[in-house]
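So the sequence lines, in the order shown, correspond to chains G and Z. Letter by letter, the first sequence follows residues 1 to 391 of my numbering. Letter by letter, the second sequence follows residues 1 to 391 of my numbering.
Since the hints were made in silico from the structure, they are not lab data. No residue lacks a Cβ here, since even glycine has one placed at the ideal position from N, Cα and C. Check before you lean on any hint, since a few could be wrong.
Derived coverage of chain G by chain Z (criterion: at least 3 residues anywhere in the stretch with Cβ under 8 Å from a Cβ of chain Z; other residues may be distant) [claimed, not checked]:
| id | segment |
| --- | --- |
| 1 | 39 to 51 |
| 2 | 156 to 166 |
| 3 | 186 to 194 |
| 4 | 268 to 277 |
| 5 | 327 to 339 |
| 6 | 382 to 389 |
Quick list of the computed label-pair ranges, beta carbon to beta carbon [to be verified]:
| id | chain 1 | residue 1 | chain 2 | residue 2 | range |
| --- | --- | --- | --- | --- | --- |
| 7 | Z | Asp366 | G | Gly64 | 26 to 36 Å |
| 8 | G | Ala264 | Z | Val319 | 25 to 35 Å |
| 9 | G | Gly333 | Z | Thr330 | 28 to 38 Å |
| 10 | Z | Glu344 | G | Ala36 | 20 to 30 Å |
| 11 | G | Asp13 | Z | His27 | 49 to 59 Å |
| 12 | Z | Glu108 | G | Thr320 | 30 to 40 Å |
| 13 | Z | Ser364 | G | Asp22 | 21 to 31 Å |
| 14 | G | Glu85 | Z | Gly233 | 34 to 44 Å |
| 15 | Z | Asp366 | G | Asp22 | 35 to 45 Å |
There are 2 protein chains.
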Amino acid sequence: MITVEQATAHLLDLVDPLSAEDVGLRHAAGRVLAQAVQARHDQPPFDASAMDGYAVSSAKPAPGDIFRVIGESAAGRPFSAPVTEGEAVRIFTGAIAPEGTKTVVIQEDVSRDGDRITLSGNLGSGSNIRPAAGDFAKGEAFAAPRRLGSRDIALLAAMGHGTLPVVRRPTVAILMTGDELRNPGEALDPGQITASNGYGLAAMLEAEGAEVRLLPLARDTVQSLAMALRLAGGADLVITIGGASVGDHDLVAQVAGDAGLDLAFHKVAMRPGKPLLAGRLGEQAFVGLPGNPVSAMVCGVIFILPMLRKMLGLAPDPVTRLMPLGAPLTANGPRQHYMRARVEAGACRAVTSQDSALLSRLASADCLIVRPPNDPSRETGFLQAVIDLPD
Amino acid sequence: MITVEQATAHLLDLVDPLSAEDVGLRHAAGRVLAQAVQARHDQPPFDASAMDGYAVSSAKPAPGDIFRVIGESAAGRPFSAPVTEGEAVRIFTGAIAPEGTKTVVIQEDVSRDGDRITLSGNLGSGSNIRPAAGDFAKGEAFAAPRRLGSRDIALLAAMGHGTLPVVRRPTVAILMTGDELRNPGEALDPGQITASNGYGLAAMLEAEGAEVRLLPLARDTVQSLAMALRLAGGADLVITIGGASVGDHDLVAQVAGDAGLDLAFHKVAMRPGKPLLAGRLGEQAFVGLPGNPVSAMVCGVIFILPMLRKMLGLAPDPVTRLMPLGAPLTANGPRQHYMRARVEAGACRAVTSQDSALLSRLASADCLIVRPPNDPSRETGFLQAVIDLPD
């Protein structure tokens, strides 16, 4: 048996960061920026009015001051002459503060008569002018790698980028194997069950940024498995689910080996999810996950998402945080245990049954409690390491 | 001026929950389940072996017990005859525990000689049989509405659903208006800026489940705005950005009114984002957001995402949680203030400049500190209400 850390290191060795591709800004959200980009101009590109009002040359205008209005500066339609003492320019939010102006007096503090304005009201102390480059300066870097959210998209748009270099999506082929499997919606004969974990894993990996091909169900025959593996051609990562334990009917290792894959079989000291196949064929990484639904999904969180993140150029390891236990835990056995747990009132509590076949318990869980091998019993309130489950 | 609560109530009144549509399971992740669905069979559908080994009729097999192997039960290939005392069936994980069997002895605890097995080892106390319906029973409900995550998908697959009724995606048309705007990547002439908030808002709304049409930039003319508004036809929600304040160049209200929209102009007592247009034309909801980039994005979080959630059948209001302040706050003015803030070491701290034009500060923020009108100054450690910003 190898440890989870050893298994993770081995799996991460199977993949490399992927190349970049350019995508339009409208398709960049959720993608990982591949390299730092620079602002193409100052933002604002000029001293800009923050209000609707009158731009004047005085830095300290006072109630009663009188100015002559000599023109108008609107957003996109600047006033191009300089403004000198005693002069004002009608101005709107976002417009260039004309050369020589130091303050924008808001229109509520002005009474206008023809081309003459008189200041009144309780003039504020601010200039109401946003200085050029106050948000960012031309050449300022937006750092990479970074998964782009909506606010990043707004900022990168403002920086002048219509397209962005993002990391290519990892392509993943998922193969569920087993004579007992039927597709969701198909009627079940005795002994049959509905294939489920591939659907869940596909959704999990797609949410992380992968492009997933869910292959047709394979039967437990050399021929069926061999055909299915050929359908996985071209994927960066091939995942089989089921057939990775030591049963007489577990043919995946044999068929994958026949296909030339340099495979290693590992028993990982973890619950759920002990058996794991892993190897490499040329550019393809290959991982065989156990068939129990919960095992497959937990292995997805612990092993497969980190592989995707490495391919995407992101920090691979799952983020662990500490949270008080809402109920005690008995001592753990010799394997690292990822217990399905719910969070309530800021504390986590393991769900009652940890059987690795129970998808209903997994679906209702919020996080995985991470228990090292031989962890002693823990009391309520103990600060427990947990990994948040992805939606 | 109306309060944020009044504005929210008014905006939510403009939209209704949308109808449902059936989608394949592979396209259901991230969608909102429209109505509860039931499990189509028990899971497991039968008493199933949890291990590879031998199924025997004894509930308490002991070391030294001898059984005669009369057949094999594999996943998908059941053994159909009953098993009586003294008999055993070779069995594999996931296979039906044949009629009459009460325990699966794992293969490591068995020595086999022809069709005779002798138990040995330290037999565990468990049956190694997963009872039928142990995960869920036929007819058990999966509740709606619920946004479906990957674990939900796995569970719904196991429940036998190849397609699911989900709420139709809200369609949103976004129109950025302003003579000063150029698309990202286009060169800027004096007085021009790059359009950004529509791109950020589109990404934000898409992440919540909307289908967004970003319309061509409109100029500040009646003709240009009127044409752009016609391009918004058919959308559930039309959003304009910019042109909603009181400046001479703000034509959106006029043009929308000419188009027959029953519009109301509101000054909302909030920072950032005071001006707001809202109304309805037949089936379409219409909202005009302020043009400052940060205002538009914050209004997206506070007003538009709740509208989408109502259309999706979800609880509309932003989730507020309490978090200690990492730095003091001065007293708030008469408007509700959504301060951009960062979270570090479990405490939140307002970013230094709260100017509503600074996208760089918004992009680096984690949450919005929600300050009610006239909130007094607050000390470090005060439990502050915050709204997490969407990515």
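Structure-based check of all given hints:
Three residues within the 8 Å Cβ limit are the bar, and the segment 39 to 51 of chain G against chain Z gives 7, so the coverage statement holds. Closer than 8 Å: that is the beta-carbon criterion, and the segment 156 to 166 of chain G has 8 residues meeting it against chain Z, so the requirement of 3 holds. For the segment 186 to 194 of chain G, the proposed coverage by chain Z is satisfied: 7 residues have a C-beta within less than 8 Å of a C-beta in that chain, meeting the threshold of three. With a threshold of 8 Å between beta carbons, the proposed coverage of the segment 268 to 277 of chain G by chain Z is violated, since 0 of its residues qualify and at least three are required.
As drawn, the segment 327 to 339 of chain G meets chain Z at 0 residues by the rule of a beta-carbon pair under 8 Å; below three, the given contact is violated. For the segment 382 to 389 of chain G, the stated coverage by chain Z is violated: 1 residues have a C-beta nearer than 8 Å to a C-beta of that chain, whereas at least 3 were required. Asp366/Z and Gly64/G have their C-beta atoms about 47 Å apart, which leaves the hinted 26 to 36 Å range violated. For the hinted restraint 25 to 35 Å between Ala264/G and Val319/Z, the CB-CB distance of approximately 45 Å leaves it violated.
Checked against the hint of 28 to 38 Å, the C-beta distance between Gly333/G and Thr330/Z comes to roughly 55 Å, which is inconsistent with it. A hinted range of 20 to 30 Å holds for the C-beta pair Glu344/Z and Ala36/G, which are about 23 Å apart. The hinted range of 49 to 59 Å is not satisfied by Asp13/G and His27/Z, whose Cβ atoms lie roughly 34 Å apart. Hint check: Glu108/Z to Thr320/G, Cβ distance near 33 Å, so the stated range 30 to 40 Å holds.
Under the hint 21 to 31 Å, the C-beta atoms of Ser364/Z and Asp22/G, about 25 Å apart, fit the expected range. Distance hint for Glu85/G and Gly233/Z: a CB-CB separation of about 52 Å, inconsistent with the stated range 34 to 44 Å. Between Asp366/Z and Asp22/G, the C-beta spacing of about 29 Å breaks the proposed range 35 to 45 Å.
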